[in-house]
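Required output: the full structure, derived from the provided sequences and hints.
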Amino acid sequence: MADNVLTMRYGGRRSRDIVATVVAISATLFGVGWLVLILGALLWKGFSGLSVAVFTQMTPPPGSTGGLLNPIFGSLILTALAVVIGTPIGILAGTYMAEYGRYDKLTSVVRFINDILLSAPSIVVGLFIYEVMVAPMGHFSGYAGGVALAVLVIPVVVRTTEDMLTLVPNALREAATSIGLPRSLSITRICYRAARAGMVTGVLLAVARITGETAPLLFTSLNNQFWSTDLNQPISSLPVIIFQFALSPYKDWQDLAWTGALIITLTVLALSISARALVRTGKQS
Amino acid sequence: MQNPERRPVVDVVMSERLAISAGAATRSKVLDRLRLGDAMFRNLTRTAAIGVLLLLSGVIASLIQGSIPAIKAFGFGFLVNSRWNPVTENFGALPAIYGTILTSFIAMLIAVPVGLMIAFFLTELCPQWLRRPIGIAIELLAGIPSIIYGIWGLFIFAPFLQATLQPFLINTLGNVPGIGSLFTGPPYGIGMLTSGLILAIMVLPFVTAITRDVFEAVPAVLKEAAYGLGCTRWEVVRNVVMPYARVGIIGGIMLALGRALGETMAVTFVIGNAHRISPSILAPGTTISATIANEFNEAVGDLYTSALIELGLILFVITFIVLAIARYMLMRIERRIG
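Quick mapping for you: the protein sequence lines, in order, are chains A and B. Every letter in the first sequence is one number past the one before it in the numbering used here, and letter 143, counting from 1, is 143. Every letter in the second sequence is one number past the one before it in the numbering used here, and letter 240, counting from 1, is 240.
Keep in mind the hints are simulated off the structure, nothing from the lab. A virtual CB, placed ideally from N, CA and C, is assigned to each residue, including glycine. One or more of the hints may lead you astray.
Distance ranges between label pairs, derived from CB positions [said to hold, decoys possible]:
id : chain 1 : residue 1 : chain 2 : residue 2 : range
1  : B       : LEU109    : A       : VAL19     : 16 to 24 angstroms
2  : A       : ALA171    : B       : GLU216    : 42 to 50 angstroms
3  : B       : THR164    : A       : ASN232    : 46 to 54 angstroms
4  : B       : MET40     : A       : GLY63     : 56 to 64 angstroms
5  : B       : GLY135    : A       : THR65     : 39 to 47 angstroms
6  : A       : LEU29     : B       : THR164    : 16 to 24 angstroms
7  : A       : VAL84     : B       : VAL176    : 52 to 60 angstroms
Partial list, computed: chain B residues near chain A (C-beta under 8 angstroms) [unchecked claim]:
id : residue
8  : ARG46
9  : GLY51
10 : LEU63
11 : LEU140
12 : GLY262
13 : ILE292
14 : ALA293
With the C-beta cut set under 7 angstroms, the calculated list includes, among others, these residues of chain B facing chain A [what the hints assert, rightly or not]:
id : residue
15 : LEU31
16 : VAL59
17 : ILE110
18 : VAL114
19 : ILE118
20 : ILE148
21 : ILE151
22 : LEU204
23 : TRP234
24 : THR264
Below you can see the structure in the form of structure tokens.
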């Protein structure tokens, strides 16, 4: 009798545990399954369009063949511009937070604000740059697109720089100070060197983040169907071209959009995997 | 001759760079120069840190400035007006706000339980060798740009839903009195439900990664004590880990919610861009970000542009509040661990 009650109670707990286990395993399969489905679709749809022409020809008018040379070039330029503008600011701000003002009020405020910027809607950044650059200048431009992307680079770099510099052991700083090295030199010559792998990771992650960003470019760098290297003019970029081509009724444009999507995804995956590898080698050494 | 390794830095600097021209008497000058460089570098970093603050204030200020014409024209009514008519220049934000909140709500409804269960799997059930690959796969999912979700959603996911899930919902739940009206109308494929589902896939990695981290931060002693009492793994997670990690979980959920609310491209592709509030969640609608992305470049006239910027301002304020709560809660749990 008592045995029965116990078996029932234990049985109930056991079956609940089994149910939870099954649900957890299915949830994981569900989560990982999307990655497989999305990558599968991208490879299937995008790979067939991948050819040399994609990298050597301009975007075509509807109904003819062409490539993605101008948007690829535009994306590279915009990304480079964003990194050139965003990285120094991000590294300097992160340096202040980790080295000079680690326990400051200012640092905790900046950290809080930076974390919010990190996940702020990117379309709002596009509106911001439109207001402060495009509207006063009177026209869309590659510069505006680059600055908009830089606004997205800064928080990522600030965050990783601060984290990585915080990990540098204090003994290094003390040793530098003991031979009379000024603070600024001990930071740039010693701490930066010790935290280099992590800081490069931050930049890689930032590039991965902006590679596929579309929303901030829509009303800053706009788009350009033709070859243009003038940053003062609208410039083409891969994400915006994908957006335009995918929503068009033309089959060739849609195919090109898939190919562009594949290129972007592979770039982002390569960037985030190398960032990860870099962190791991940094930890081992 | 001194051993170079044992000289103070100031002497090294002098001998290597300046001493040739300036001589020994300028030792204090070199020190001054180093001091000046030091102060300049410090101020430079401080300026950059303040620059981050200015960036955020700049965003807010420019959005407010841009939306002044719309605020003047529509006042508070902008928030509750459900019309959006560019021809008569009568603009209201209600359908966009409704769509933003509804799609995010659908996303969280799915992503939160699934994310929690994946975290449970990764921290308690998963064999050690499988943890890293699954963790990485989930994080890669987080790295895929939203435009990829958009194009995939438009060409693959929406037609799939149109053929399967949506007719199923219409034929089953659509006939249930009460909630039935949520699932009426033709299966468009695109619409609020599709957008919500895509957002769910997008924010799932965020929920999973953060809950996994806070689950792992629960002291092993607590879990071992519960196992020692004879708890099953589910009981340990349900009664020990989750209550302990509650603040962190909520922080993670809010962070994911912030992402979902502001997400643009994935939603723009599949929402349908219809400025109306329909009772059915299968119907096309719009969100704040999709409206801006679709219409900003075509907006004619200052009032139209300004109304769109005011939409951006509303979106920014909503996400700011959500993200601020998220960060506050995650900071609390970090302090407890640290």
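Status of each hint after checking the structure:
1. For LEU109(B) and VAL19(A), the hinted distance range of 16 to 24 angstroms is satisfied, since their beta carbons lie about 20 angstroms from each other.
2. In this structure the hint that ALA171(A) and GLU216(B) lie 42 to 50 angstroms apart at CB is violated, the actual value being about 29 angstroms.
3. Range check, THR164(B) to ASN232(A): about 50 angstroms between beta-carbon atoms, so the 46 to 54 angstroms window is met.
4. Taken as a hint, the range 56 to 64 angstroms holds for the pair MET40(B) and GLY63(A), whose Cβ atoms sit roughly 60 angstroms apart.
5. Roughly 42 angstroms separates the CB atoms of GLY135(B) and THR65(A), a value that falls within the hinted 39 to 47 angstroms.
6. A beta carbon spacing of about 19 angstroms between LEU29(A) and THR164(B) agrees with the range 16 to 24 angstroms that was offered as a hint.
7. Checked against the given bound of 52 to 60 angstroms, the beta carbons of VAL84(A) and VAL176(B), roughly 58 angstroms apart, stay inside it.
8. About 5 angstroms separates the beta-carbon of ARG46(B) from the nearest beta-carbon of chain A, less than 8 angstroms, and the hint is met.
9. Among the interface hints, the one on GLY51(B) holds; its C-beta lies about 6 angstroms from the nearest C-beta in chain A, closer than the 8 angstroms criterion.
10. Nearest Cβ of chain A to the Cβ of LEU63(B): about 6 angstroms, under the 8 angstroms cut. The hint holds.
11. This hint holds: LEU140(B) has a C-beta 6 angstroms from the nearest C-beta of chain A, less than the 8 angstroms allowed.
12. Taking 8 angstroms as the C-beta cut-off, the interface hint given for GLY262(B) holds, the closest approach to chain A being about 3 angstroms.
13. Against a cut-off of 8 angstroms between C-beta atoms, the interface hint on ILE292(B) holds, since the closest Cβ of chain A lies about 6 angstroms away.
14. The interface hint given for ALA293(B) is met, as the beta carbon of that residue sits about 6 angstroms from the closest beta carbon of chain A, less than 8 angstroms.
15. Hint status for LEU31(B) relative to chain A: violated, with the closest Cβ pair at about 9 angstroms, above 7 angstroms.
16. Given the 7 angstroms rule on beta carbons, the hint for VAL59(B) holds: about 5 angstroms separates it from the nearest Cβ of chain A.
17. For ILE110(B), the shortest C-beta to C-beta distance to chain A is roughly 10 angstroms, which exceeds 7 angstroms, and the interface hint is violated.
18. The criterion of a C-beta within 7 angstroms of any C-beta in chain A is met by VAL114(B), whose closest approach is roughly 5 angstroms, and the hint holds.
19. Using the Cβ-Cβ criterion of 7 angstroms, the hint placing ILE118(B) at the interface with chain A is satisfied: the shortest such distance is roughly 5 angstroms.
20. Annotation: interface hint on ILE148(B) holds; nearest CB of chain A at approximately 5 angstroms, less than 7 angstroms.
21. Below 7 angstroms, beta-carbon pairs count as interface contacts, and ILE151(B) has one with chain A at about 5 angstroms; its hint therefore holds.
22. Residue-level restraint check for LEU204(B) holds (minimum Cβ-Cβ distance to chain A is 6 angstroms; threshold 7 angstroms).
23. The restraint placing TRP234(B) at the interface with chain A holds, with a minimum CB-CB distance near 4 angstroms, inside the 7 angstroms limit.
24. The beta carbon of THR264(B) is positioned within 7 angstroms of a beta carbon in chain A (closest approach about 4 angstroms), and the interface hint is therefore held.
Hint violations for this structure: numbers 2, 15 and 17, all remaining hints satisfied.
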